[in-house]
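A.B. asks: The hints should help you fit chain B onto chain A, whose structure is shown.
Residue numbers (the working numbering), protein chains in the order written: chain A, 1 to 501; chain B, 1 to 242.
By construction, these hints were calculated from the structure, which means they are not laboratory data. Every residue gets a Cβ at the ideal spot worked out from N, C-alpha and C, and that includes glycine. Fair warning: there could be bad hints in the mix.
Between beta-carbon pairs, the in silico distance windows are [unchecked claim]:
hint: 1; chain 1: B; residue 1: Glu156; chain 2: A; residue 2: Val97; range: 49 to 57 Å
hint: 2; chain 1: B; residue 1: Ser231; chain 2: A; residue 2: Ser497; range: 39 to 47 Å
hint: 3; chain 1: B; residue 1: Ser194; chain 2: A; residue 2: Pro280; range: 31 to 39 Å
hint: 4; chain 1: B; residue 1: Tyr7; chain 2: A; residue 2: Glu135; range: 42 to 50 Å
hint: 5; chain 1: A; residue 1: Pro109; chain 2: B; residue 2: Gly34; range: 44 to 52 Å
hint: 6; chain 1: B; residue 1: Ser136; chain 2: A; residue 2: Leu44; range: 18 to 26 Å
Keeping only pairs whose Cα atoms sit at most 27 Å apart, straight-line, the calculated DSSO-like set for lysine-lysine is [what the hints assert, rightly or not]:
hint: 7; chain 1: A; residue 1: Lys66; chain 2: A; residue 2: Lys304
hint: 8; chain 1: B; residue 1: Lys186; chain 2: B; residue 2: Lys236
hint: 9; chain 1: A; residue 1: Lys86; chain 2: B; residue 2: Lys236
hint: 10; chain 1: B; residue 1: Lys236; chain 2: A; residue 2: Lys229
hint: 11; chain 1: B; residue 1: Lys236; chain 2: B; residue 2: Lys124
hint: 12; chain 1: A; residue 1: Lys229; chain 2: B; residue 2: Lys19
hint: 13; chain 1: B; residue 1: Lys14; chain 2: A; residue 2: Lys156
hint: 14; chain 1: A; residue 1: Lys489; chain 2: A; residue 2: Lys49
hint: 15; chain 1: A; residue 1: Lys49; chain 2: A; residue 2: Lys156
hint: 16; chain 1: A; residue 1: Lys229; chain 2: B; residue 2: Lys186
hint: 17; chain 1: B; residue 1: Lys45; chain 2: A; residue 2: Lys304
hint: 18; chain 1: A; residue 1: Lys81; chain 2: A; residue 2: Lys66
hint: 19; chain 1: A; residue 1: Lys81; chain 2: A; residue 2: Lys69
hint: 20; chain 1: B; residue 1: Lys19; chain 2: A; residue 2: Lys142
hint: 21; chain 1: A; residue 1: Lys229; chain 2: B; residue 2: Lys14
hint: 22; chain 1: A; residue 1: Lys423; chain 2: A; residue 2: Lys90
hint: 23; chain 1: A; residue 1: Lys142; chain 2: B; residue 2: Lys186
hint: 24; chain 1: A; residue 1: Lys90; chain 2: A; residue 2: Lys143
hint: 25; chain 1: A; residue 1: Lys90; chain 2: B; residue 2: Lys236
hint: 26; chain 1: A; residue 1: Lys304; chain 2: A; residue 2: Lys154
hint: 27; chain 1: B; residue 1: Lys19; chain 2: A; residue 2: Lys304
hint: 28; chain 1: A; residue 1: Lys49; chain 2: B; residue 2: Lys236
hint: 29; chain 1: A; residue 1: Lys143; chain 2: A; residue 2: Lys304
hint: 30; chain 1: A; residue 1: Lys137; chain 2: A; residue 2: Lys304
hint: 31; chain 1: B; residue 1: Lys14; chain 2: A; residue 2: Lys143
hint: 32; chain 1: B; residue 1: Lys178; chain 2: B; residue 2: Lys157
hint: 33; chain 1: A; residue 1: Lys304; chain 2: B; residue 2: Lys14
hint: 34; chain 1: B; residue 1: Lys124; chain 2: A; residue 2: Lys229
hint: 35; chain 1: A; residue 1: Lys423; chain 2: A; residue 2: Lys69
hint: 36; chain 1: B; residue 1: Lys186; chain 2: B; residue 2: Lys196
hint: 37; chain 1: A; residue 1: Lys49; chain 2: A; residue 2: Lys90
hint: 38; chain 1: A; residue 1: Lys143; chain 2: A; residue 2: Lys154
hint: 39; chain 1: A; residue 1: Lys156; chain 2: A; residue 2: Lys143
hint: 40; chain 1: A; residue 1: Lys423; chain 2: B; residue 2: Lys236
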Amino acid sequence: MSVEFLYPEFEVIRNDNRCIACRVCERQCANVVHSYDSDNGIMLSDETKCVNCQRCVSLCPTRALKIVKSDCTLRENANWKDATIKEIYKQANSGGVLLSSMGNPNPLPVYWDKILINASQVTNPPIDPLREPMETKVFLGKKPEMISRDENGKIKCDISPQLELSMPIMFSAMSYGSISYNAHESLARAATELGILYNTGEGGLHEDFYCYGENTIVQVASGRFGVYKDYLEAGAAVEIKMGQGAKPGIGGHLPGTKIVGDVSRTRMIPEGSDAISPAPHHDIYSIEDLRQLVLSLKEATEYKKPVIVKVAAVHNIAAIASGIARSGADIIAIDGFRGGTGAAPTRIRDNVGIPIELALASVDQRLRDEGIRNNVSLVVGGSIRSASDVVKAIALGADACYVATAAVLALGCHLCRTCQSGKCNWGIATQRPELVKRLNPDIGSKRLVNLMTAWRHEIKELMGGMGINSIESLRGNRLMLRGIGLNEKELQILGISHAGE
Amino acid sequence: MLIDVTYLDYLDHKGLNDKLRESSEDCTIIGCCGQRFIAAGMSDKNITIDGVPGNALGAYLNGASITVNANAQDAVGDTMNEGRIIIHGNIGDAAGYAMRGGKIFVKGNAGYRAGIHMKQYKDKIPVMVIGGTAGSFLGEYQAGGVIVILGLDSDEKRIVGNFPCTGMHGGKMFLRGKCSDINFPKQVTAREASAKDMSEIRAYVEEFCEYFKTNIDDIMNSPFTIVTPDSSNPFKQMYVAN
Numbered sequence: 001m002s003v004e005f006l007y008p009e010f011e012v013i014r015n016d017n018r019c020i021a022c023r024v025c026e027r028q029c030a031n032v033v034h035s036y037d038s039d040n041g042i043m044l045s046d047e048t049k050c051v052n053c054q055r056c057v058s059l060c061p062t063r064a065l066k067i068v069k070s071d072c073t074l075r076e077n078a079n080w081k082d083a084t085i086k087e088i089y090k091q092a093n094s095g096g097v098l099l100s101s102m103g104n105p106n107p108l109p110v111y112w113d114k115i116l117i118n119a120s121q122v123t124n125p126p127i128d129p130l131r132e133p134m135e136t137k138v139f140l141g142k143k144p145e146m147i148s149r150d151e152n153g154k155i156k157c158d159i160s161p162q163l164e165l166s167m168p169i170m171f172s173a174m175s176y177g178s179i180s181y182n183a184h185e186s187l188a189r190a191a192t193e194l195g196i197l198y199n200t201g202e203g204g205l206h207e208d209f210y211c212y213g214e215n216t217i218v219q220v221a222s223g224r225f226g227v228y229k230d231y232l233e234a235g236a237a238v239e240i241k242m243g244q245g246a247k248p249g250i251g252g253h254l255p256g257t258k259i260v261g262d263v264s265r266t267r268m269i270p271e272g273s274d275a276i277s278p279a280p281h282h283d284i285y286s287i288e289d290l291r292q293l294v295l296s297l298k299e300a301t302e303y304k305k306p307v308i309v310k311v312a313a314v315h316n317i318a319a320i321a322s323g324i325a326r327s328g329a330d331i332i333a334i335d336g337f338r339g340g341t342g343a344a345p346t347r348i349r350d351n352v353g354i355p356i357e358l359a360l361a362s363v364d365q366r367l368r369d370e371g372i373r374n375n376v377s378l379v380v381g382g383s384i385r386s387a388s389d390v391v392k393a394i395a396l397g398a399d400a401c402y403v404a405t406a407a408v409l410a411l412g413c414h415l416c417r418t419c420q421s422g423k424c425n426w427g428i429a430t431q432r433p434e435l436v437k438r439l440n441p442d443i444g445s446k447r448l449v450n451l452m453t454a455w456r457h458e459i460k461e462l463m464g465g466m467g468i469n470s471i472e473s474l475r476g477n478r479l480m481l482r483g484i485g486l487n488e489k490e491l492q493i494l495g496i497s498h499a500g501e
Numbered sequence: 001m002l003i004d005v006t007y008l009d010y011l012d013h014k015g016l017n018d019k020l021r022e023s024s025e026d027c028t029i030i031g032c033c034g035q036r037f038i039a040a041g042m043s044d045k046n047i048t049i050d051g052v053p054g055n056a057l058g059a060y061l062n063g064a065s066i067t068v069n070a071n072a073q074d075a076v077g078d079t080m081n082e083g084r085i086i087i088h089g090n091i092g093d094a095a096g097y098a099m100r101g102g103k104i105f106v107k108g109n110a111g112y113r114a115g116i117h118m119k120q121y122k123d124k125i126p127v128m129v130i131g132g133t134a135g136s137f138l139g140e141y142q143a144g145g146v147i148v149i150l151g152l153d154s155d156e157k158r159i160v161g162n163f164p165c166t167g168m169h170g171g172k173m174f175l176r177g178k179c180s181d182i183n184f185p186k187q188v189t190a191r192e193a194s195a196k197d198m199s200e201i202r203a204y205v206e207e208f209c210e211y212f213k214t215n216i217d218d219i220m221n222s223p224f225t226i227v228t229p230d231s232s233n234p235f236k237q238m239y240v241a242n
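Same shape as in the complex, but just chain A (with noise of 0.2 Å):
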């Protein structure tokens, strides 16, 4: 073995006794990780190329197959990892960037597990969703100061456009490219079927899937990629994406092997140029030229439709929203540190930006504090694992949540992490043919609303728990969360009191 040589990362352990060469695990692997010995009758396996999907272990009819985390390590050292060394090794080999997918994965807090939510008892009694009205619909727009009327007395009801979700989430932003058209179908078809909207990130709207466009969010990046007046006018709203959680201050960049058929055709890009998305707006360098952008975009919708700003959680955040909140836009999204994604490179994935939660938390006090929380709904990303998650963001001061990892899980993803390599073998992160007809449609959007309506019964029994039977009466209700071992500082950024106080 030369000095190249990685040990692999996992192992494919195969139960002889099991396994009946039925070779299903060779036809499911992308990455041919199995062959078939006809010589000997048996199945071979390189680890190698193991992604640890666990797609051939889904699949295998007996049950036969287990991949496991390799034993074979480097000498333990706490300063130098064993991923850190085979970091080196990668780049020493290669001079490249290093690339990887999904969110931040290393152990860094995630402070919703340090969160507790209120729960009424003896007095202000619990509500029990199963018998009483319990209302999640949310509109996210900007709201009016206060009630106007005309000459009449009649309250006057032409406020900006909003957004009416059966629920405060939604689908965030994933490209046509970065993801598979199946993908896309079975968001599109889950967010109609719930009420609420699904994001086509920035790499155009499918012909296909204008039908949608009710629960469409159309997205306008710095490549400008399929935009254009019909794709403006499909949606229901229009998102200017100015960064993304997983790779802030960063630009996104989908190489020319993926620009193939329908992807070339939705981006309107020829085939097999790399489709770049430079880090900045080239014609965005202050909330002024922000606000140009917001009110082009309003303009060529005729006011119609809420214009979403998006930016990833960083250091600043607080001023910049409040920025944002004044440029015009009717919606801020912020995407966190560990949110999800097709590719980013290593350092900045699990080095840059800030958590969501002490984001949250800021944005919602800074623009409290300025009186202009009114102007903007906030909707949060990166990540919402679950419906307790949402429920804490909504009482930190969120109108909604977006989520991307969550709902790709219920489509099949295994977070392998592998995403780049575009052999996603659950059909998801691919534009392989043979792959992506593994996601049906029916199923993938069948789970997608399994998901949401478990996790809207499940917001509905915590909040009946706290005696609040409508998500409006949450947002923002700091009182009924608790901090579990966060420090004075973290508990003053979130605004909230230590358990037990």
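C.D. replies: Quick look at chain B alone, frame taken from chain A:
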């Protein structure tokens, strides 16, 4: 239809666009002074503007034709998809940002970042012809389309500023002159345009000369430099899977 905006608040771009949308015929805007987003997303009109329109003139333009009898400001033809914009003067920064189709003709000079991220798709080939000079960062990230800089009346000065073609990975740029004084990045090739190359832009230059009453032979008889990218995948080798 004549639309007089002399007394219209320059911030009332909605009012102005509403008037354009309501009109079923060609429109002439007079007294224009800084109104932004004129004709955003419009597809079916001929619009003439007397006075100076504000930023983002013809953003997302989808087929309409705009003639400005003066200068225009920043972001002319932002993300334009189809149509034509003719400027009888100079334009500001970031003209034709990410334009995918249509044509922009400018009699005078362009500011910084003209034609940035210009793209093309199938029969949609955007064209930008600048009669004078262009500022720095011309055609940055250019992914398609044709940018022509004529440098007329440039008084021997460089006809484009610093850092043209950075990140260029598609399309073509034609610069009048030998351009030996211009520094191009490594990932593009700049060479003297052949007669065949020139035949590609002849129709565009003819159109320019028609609008601005210029003699085409004087322009086409000069040497031109053509700039093209070496690869449509400039970052291919940059990454290693982790």
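A.B. asks: Now tell me, hint by hint, if it's right for this structure.
C.D. replies: Okay, the hints, checked on the actual structure:
1. Glu156(B) / Val97(A): 49 to 57 Å: Because 43 Å falls outside the window, the suggested range is violated.
2. Ser231(B) / Ser497(A): 39 to 47 Å: Roughly 58 Å apart at Cβ, these two residues miss the hinted range, so it is violated.
3. Ser194(B) / Pro280(A): 31 to 39 Å: holds (37 Å)
4. Tyr7(B) / Glu135(A): 42 to 50 Å: holds (48 Å)
5. Pro109(A) / Gly34(B): 44 to 52 Å: holds (50 Å)
6. Ser136(B) / Leu44(A): 18 to 26 Å: violated (58 Å)
7. Lys66(A) / Lys304(A): violated (53 Å)
8. Lys186(B) / Lys236(B): holds (15 Å)
9. Lys86(A) / Lys236(B): holds (22 Å)
10. Lys236(B) / Lys229(A): Roughly 32 Å between the alpha carbons, so the hint for lysine 236(B) and lysine 229(A) is violated.
11. Lys236(B) / Lys124(B): Since the Cα atoms of lysine 236(B) and lysine 124(B) sit roughly 26 Å apart, the hinted pair holds (cutoff 27 Å).
12. Lys229(A) / Lys19(B): Status holds; Cα separation ~19 Å.
13. Lys14(B) / Lys156(A): holds (21 Å)
14. Lys489(A) / Lys49(A): violated (45 Å)
15. Lys49(A) / Lys156(A): The given pair, whose Cα atoms are some 64 Å apart, is violated under the 27 Å limit.
16. Lys229(A) / Lys186(B): This hinted pair is violated, its Cα atoms lying about 36 Å apart.
17. Lys45(B) / Lys304(A): holds (22 Å)
18. Lys81(A) / Lys66(A): holds (25 Å)
19. Lys81(A) / Lys69(A): Distance ~15 Å between lysine 81(A) and lysine 69(A) Cα, so the pair holds.
20. Lys19(B) / Lys142(A): Holds: lysine 19(B) and lysine 142(A) sit about 26 Å apart, inside 27 Å.
21. Lys229(A) / Lys14(B): holds (17 Å)
22. Lys423(A) / Lys90(A): holds (20 Å)
23. Lys142(A) / Lys186(B): Answer violated: lysine 142(A) to lysine 186(B) is near 48 Å, above 27 Å.
24. Lys90(A) / Lys143(A): Violated. Lysine 90(A) to lysine 143(A) sits at ~52 Å, over the 27 Å cutoff.
25. Lys90(A) / Lys236(B): Between lysine 90(A) and lysine 236(B) the Cα gap is close to 17 Å, so the pair holds against 27 Å.
26. Lys304(A) / Lys154(A): Cα-Cα ~23 Å, so holds.
27. Lys19(B) / Lys304(A): Status holds; Cα separation ~17 Å.
28. Lys49(A) / Lys236(B): Cα-Cα ~21 Å, so holds.
29. Lys143(A) / Lys304(A): holds (15 Å)
30. Lys137(A) / Lys304(A): Since the Cα atoms of lysine 137(A) and lysine 304(A) sit roughly 21 Å apart, the hinted pair holds (cutoff 27 Å).
31. Lys14(B) / Lys143(A): holds (20 Å)
32. Lys178(B) / Lys157(B): holds (12 Å)
33. Lys304(A) / Lys14(B): Judged against 27 Å, a Cα distance of about 12 Å means the pair holds.
34. Lys124(B) / Lys229(A): At roughly 15 Å apart (the allowed maximum being 27 Å), lysine 229(A) and lysine 124(B) satisfy the hint.
35. Lys423(A) / Lys69(A): Since the Cα atoms of lysine 423(A) and lysine 69(A) sit roughly 21 Å apart, the hinted pair holds (cutoff 27 Å).
36. Lys186(B) / Lys196(B): holds (25 Å)
37. Lys49(A) / Lys90(A): holds (15 Å)
38. Lys143(A) / Lys154(A): holds (18 Å)
39. Lys156(A) / Lys143(A): Holds, because 13 Å separates the two Cα atoms, which is no more than 27 Å.
40. Lys423(A) / Lys236(B): Measuring from Cα to Cα gives roughly 17 Å; hence the hint holds.
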